[in-house]
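Protein chains in written order, with the working numbering: chain A, 41 to 454; chain B, 4 to 367; chain C, 1241 to 1762; chain D, 1279 to 1524.
Certain hints may be false.
As the list claims (entries may be wrong) - Derived DSS-like pairs (lysine-lysine); straight-line CA-CA distance at most 25 Å:
#1 Lys394(A) / Lys431(A)
#2 Lys1367(D) / Lys1644(C)
#3 Lys377(A) / Lys394(A)
#4 Lys211(A) / Lys271(A)
#5 Lys182(A) / Lys142(A)
#6 Lys272(A) / Lys431(A)
#7 Lys182(A) / Lys200(B)
#8 Lys1333(D) / Lys1748(C)
These are computed hints drawn from the structure, not numbers from a lab.
Listed below are the residues making up each chain.
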Amino acid sequence: MIHRMPITRRAALAGLGTVLATPAIRPSFAQSAPIKVGVLHSLSGTMAISETALRDTVLMMVEAQNAAGGILGRRLEAVVVDPASNWPLFAEKARELLAVSKVDVTFGCWTSVSRKSVLPVYEELNGLLFYPVQYEGEEESKNIFYTGAAPNQQAIPAVEYLLSADGGEAKRIALLGTDYVYPRTTNRILRNFLISKGIPESDIMEEYTPFGHSDWQGIVSRVKRFAGEGKKTAIVSTINGDANVPFYRELGNQGIKAEDIPSVAFSVGEEELAGIDARPLVGHLAAWNYFMSVESPVNTQFKALWQSYIKNPRRVTNDPMEATYTGFKMWAQAVAKAGTTSVDAVRTAMIGQKVDAPCGYTEEMHANHHLSKPVMIGEIQADGQFNIVWKTPTAIPAENWSPFIPENANRRRG
Amino acid sequence: MSLAVLPAAPDARLRLGLRAGLGLFILLLAVMPLLNLLPVSHPLHVSDFLVSITGKWICYAILALSLDLAWGYAGILSLGHGAFFALGGYAMGMHLMRLIGPRGSYGHPILPDFMVFLGYQELPWYWLGFDSFPFAMLMVLLVPGTLALVVGWLSFRSRITGVYLSILTQAMTFALMLAFFRNDMGFGGNNGFTDFKELLGQPLNTTAMRSGLFYASLLALVLSFLLCLRITRSKYGRVLTAIRDAESRVRFLGYDTTRHKLFAFVLSAMLAGVAGALYVPQVGIINPGEFSPANSIEAVIWVAVGGRGTLVGAVLGAFTVNGLKTWLTSAAPDLWLFVLGGLFVLVTLFLPKGLIGLAKGRTK
Amino acid sequence: MKHPLLAFLLLVALALPARAQDALTAALEGLGTGFNQTAEAVDRLGASGDPRALPLLRALTEGRLLRRADGTLLIRGEAGVIEALAGAPAEAAEASPVRLNNRVRVALRGALGRLQLLSPDAAERQAAADAVFRSRSADNVAVLETALGRETVPAIRDRLLLALAASRLMASDLADKMAGIAALGASASPEARAVLLEMRGANPGLAAQIDEAVAAVDRRLAIRRAAETVFQGLSLGSVLLLAALGLAVTFGVMGVINMAHGEFVMLGAYTTFIVQEALRTIPALQPWSLPLAVPIAFLVTAACGAALERGLIRHLYGRPLETLLMTFGVGMMIQQAVRLAFGAQNREIISPAWMQGTLMLPGGVAVTQNRLWILVFSLVVLGLTVAAIRLTRFGLEMRAVTQKRAIAASMGIRTGRVDALTFAFGSGIAGIAGVALSQIDNVSPNLGTGYIIDSFLVVVFGGVGSLAGTLVGAFGLGTINKILEPWAGAVLAKVFVLVAVMLFIQRKPRGLFAQKGRAADA
Amino acid sequence: MSGGRRLYLDGVSVVFDGFRALNNLSLIVEPGELRSVIGPNGAGKTTMMDVITGKTRPTQGTVNFGEIDLTRMDEAGIANLGIGRKFQKPTMFDALTVFENMELALKAPRGPIACLRWKLTGGARAQIEQTLEEIGLQERAQDLAGILSHGQRQWLEIGMLLMQDPELLLVDEPVAGMTDAETEQTAALLVRIAGRRSVVVVEHDLEFVRALGRRVTVLCDGSVLSEGSIDHVQNDPRVIEVYLGR
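Take the sequences, apply the hints, and build the full model.
Structure, rendered in structure tokens:
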């Protein structure tokens, strides 16, 4: 890609520079230099599975924006780097994007840890990061815009649904998750929430597994046993992308039908299901703020744009991609409004931006740097798509500091 | 200078050349933070990024040195050195976490954020004392050292060598990685530690502090280089080489090879720990990923690329491979793995003595 | 007292369709307007006991039931679209499929169950029995008794009896309840246990009897659960065995450290994917794509192995550590190549029907089909490997070369060729492992990385160069892991096993089945 | 080195999975004695040395050096007791120079720290250079041991043996690959050494053994077949049977 040449040469210098310690790069911007959009998603390593699609989404948006004449009459130029699913490398690459490539905005990160590792860099160098994935909340940085869901925009409504008549009036809940901060925090929030709903501790099961866990026999049969106590049981899964395939396989093979033990997942989208034969899973649930099956004009555009860009009519879209799309649109509007790409101006311009998102709702960026989002519950269909069985009437604002974490009461604001 | 250590002629010229080169290189590194102070427009200006990333590479170079001591000289191919590096890093990380104090987002006076939202009530016992800098520094040495002592003693005593030792050490770091991923361990699980605020009363994200850490690392590099030099030049160094080439013969000369190897292994583990400790405040994060076996293997490969059994080679390798990696992950995000993988293949196939070997070939 | 009425209804249903027609149309009221209305309508259809509701309900489960704005229901079939009850051909225009949710599914299962209890097809009757058991309501008692009256297949009878017991338990009559409790207590099914516990709250008076029954069930279940744990251990062991077997040859026999072994496994999995895609065009062969993939995967990875050995590894014989580093580099490249070729996303592997679901072993031990197959498969592969090494000419030459290279050479064995073949053989096994693993793990470029360390440990633990050792090692570690898991948790269990193995190797550096020879001195 | 210790083997057997390498072997080597051990291949000569030097643990039997039970010690410990060994196949450290090889062998504290602190004193150098003289390698002092000829390697190893200043030398086939002249020198050297130290020589070359002209022990199938002067054993019918019978 030609548009990546300058950074190539500069980075080449950087590489040599340190070996020979030659004096390094002086940034020399031409007058109407392009607006630089950093892309900080893993293209190799364990997270590549999820993140490569987001890289492509940003590139697609950049292309589209340029086709539409760029922003402020300036061309957009994507700067792609590969942090290789290596968290310290994320920090390094973030610094490189900001200090060397001098990007005006960055779209990136998937896992919480990658975000947490770049956060200090963005705050120090006053950069701008758009983070497109649902996460555990408990964070608010002036340099980050969170376009994914906070727990109250995904987890809690989903569990409420399970407890409702339509969801099957679950009385016992098995919280299964990959052992990292998002599931831990989410489950802590849910535990407190469930207790507030009158479900006793004894009817809550919590199990954690390592990343990419592939042997689910034991846990699934333990869940079966847990469900065998004569109370309607449901599974709440915060299992991370990669481990879901074997997990659902095991569910299917051990004959756990959605009618008996429904499960609702927070990290399983169309992309993950693309990896498995979804027939045994029909009826299991996922909670997101967007499904590919949403019927809205914007979504139709979005899907068409994506499939033509990726040159694959069967390629799916998913929630984080939609969040990326929405974030990008907002940023473009904010830059246009601010009339400049300077971070502080854009940051202020961002607040209150509205975008008609593919999810069919108008999402707004609030002062807490989080979006108001609708919550949707989808049932897995045989074709790996979701059939939306429930959704909030309106987009609901994010509670990134959950009221179900007691410590938030005495949290120092700001 | 004794007859014995007076080297053969061509080697001498080379070694002198390398020394000079290294000296010059260190000098250049030393001035980088100063050049960084120059105005951005100045032709000699060095970017913050370059400085900070070089600081990181210096830590890697120390790790490479420690590995070279164990592998290049004592013939102990440890595929678990990443673990010692990470443990040193964690010790430092725990100190930095304690220093955050009430500045965490929950404003808890003692507990780090991750403990707060995981509902910890008080600090686990093994966190006590890490608020004191000297104690933390002591742990930076002791924790990796002790682990090396235990694993090394068990292995060397039962005469586990070669690939068996490699596989064993690899299993060690793998087990540690799994363990540290567990949030119940009280080390922040997958997220590890991040968002550090200060060290020794100085805020971390200032240029002054960054150059401070940079020089500290550079000093550590020079010192560990001299230490390794002292060791390898001594008779002990020759005993290690002898053990590497014919361990049983050394035993028949009356040397307790277990003790000798153990000494080298523990020392090398401590060096790795120091490297990790300097690394963490500069990259601003430490997490279980550092334990991943791939990291350890990569470190071994730096040494192989530079040239095992030559200290300069280890340093050279660390800088070359990492420089290449940084460049390629931006310049060719899709292809860098090919280039790096290819490099490893070529080096092991055609440059058994590494880049230094190449230079040697020249001088002859 | 509803049962007589019901029995009557049933007869009527069979006798006088015309009369039933109205009842049925009445029952359909509201179906498809909302989830709740649909569920209620389905319940009514089930209660009606009219078999002519069957096609409609089936259509609903399979999502072939359409609803026109005016409320008329249509069924889409092979023949085309027809009106739900009348059966007259109809226009599908502006008709949308009736949507389901779990609540409706529950209702459907009950209703279908009731209507199929008397179906001529045994499989259907069995499913029906289970369904009725799950949906258990006192209304079912009569139907079940009728069904029991006719049922001849013992397996189905048992299920019917359970269902009957469960339904009795729901009845208001105390005697019925007691009978139900007794029957359930006599069973050894977790479901029965669940039913009992569920009813405990509703019948405080019967708490004692229920607890007794539950205890009885638990006693029977205890053994079964132990057996299931063991199976899980063996299953995990079989995975380890498959992953390690190739190494047992390349590392164990040849003493070559191949860090790209995991990538060969991954290549095997991708070959499975390619074969499956290739067969999409030939539906007849679809279910056989997996068996077909085995030899192909073997050949593909074997070829890669041979290339790797001839091209690179052979230059590094006697330098195992360098080989280790070099193959690590190769692994990186293979992984990235696959990532670029197939994309980083997981690839979908369809499990053939015979590998899905659970199998009930005698004694009611439930084992998952795919894992059972993999267990069997792993043993077969092991057997073939042993046979190849012990019985074939190639195996003989292989052993000769690995034991006394020079002498073998002097006897006219082309050692180079044997090395290549041996390595190819080991790599091929890795490929086969990939085919099996594609059934339980992600088919992604990272597939292999998860197995490499475990594999090496298994081989070393079992004793380098000893296939028997690899076998024992794999199953031993797998079982220990699964026994630890319940109380240590998945992660700690693995950590414990790793540490245990490390300590064991310290004690016995040569592993369980010590071996002498070239590999052992590596 | 007056009043040295005697080497005492009694009823020593070594069994490698079924095969008896040593079979109830008994042998006594007096202080200062020079003893030749001969025997056909597989007689157990090398195994005997392995047992003495701690490389192999005897399945049964006692191995004492003076009062000390060698079976309880490891190679290093035994070597430090003053039992030096020269291997059948000369082994040294090819990556080090001849001088460095000698330096490593030189009797001195063996601990890591001690080695780290070690300074090559004038005395030590003198000692090394003198021994180099004795074994005729003073010219090669700075060459890597790896480039020496086979004969020179033999010499170097003998030199290293001397540097250890052992009380008992176990010399395994010292003259293999040596010229006749060298062989004579070696014989002379060993004779010279003996008296101050006890020496056990394992050799095929009967001429060499004759040249040593001391007490000879004939091993066969892991136990002593015959013992006495060279003439005595050469006339012993069992020995003849063993040697000529094959």
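We went through each hint and held it up to the structure:
| no. | hint | in the structure |
| --- | --- | --- |
| 1 | Lys394(A) / Lys431(A) | holds, 20 Å |
| 2 | Lys1367(D) / Lys1644(C) | holds, 20 Å |
| 3 | Lys377(A) / Lys394(A) | holds, 12 Å |
| 4 | Lys211(A) / Lys271(A) | holds, 6 Å |
| 5 | Lys182(A) / Lys142(A) | holds, 19 Å |
| 6 | Lys272(A) / Lys431(A) | holds, 23 Å |
| 7 | Lys182(A) / Lys200(B) | holds, 17 Å |
| 8 | Lys1333(D) / Lys1748(C) | holds, 18 Å |
Of the numbered hints given earlier, the model fails none.
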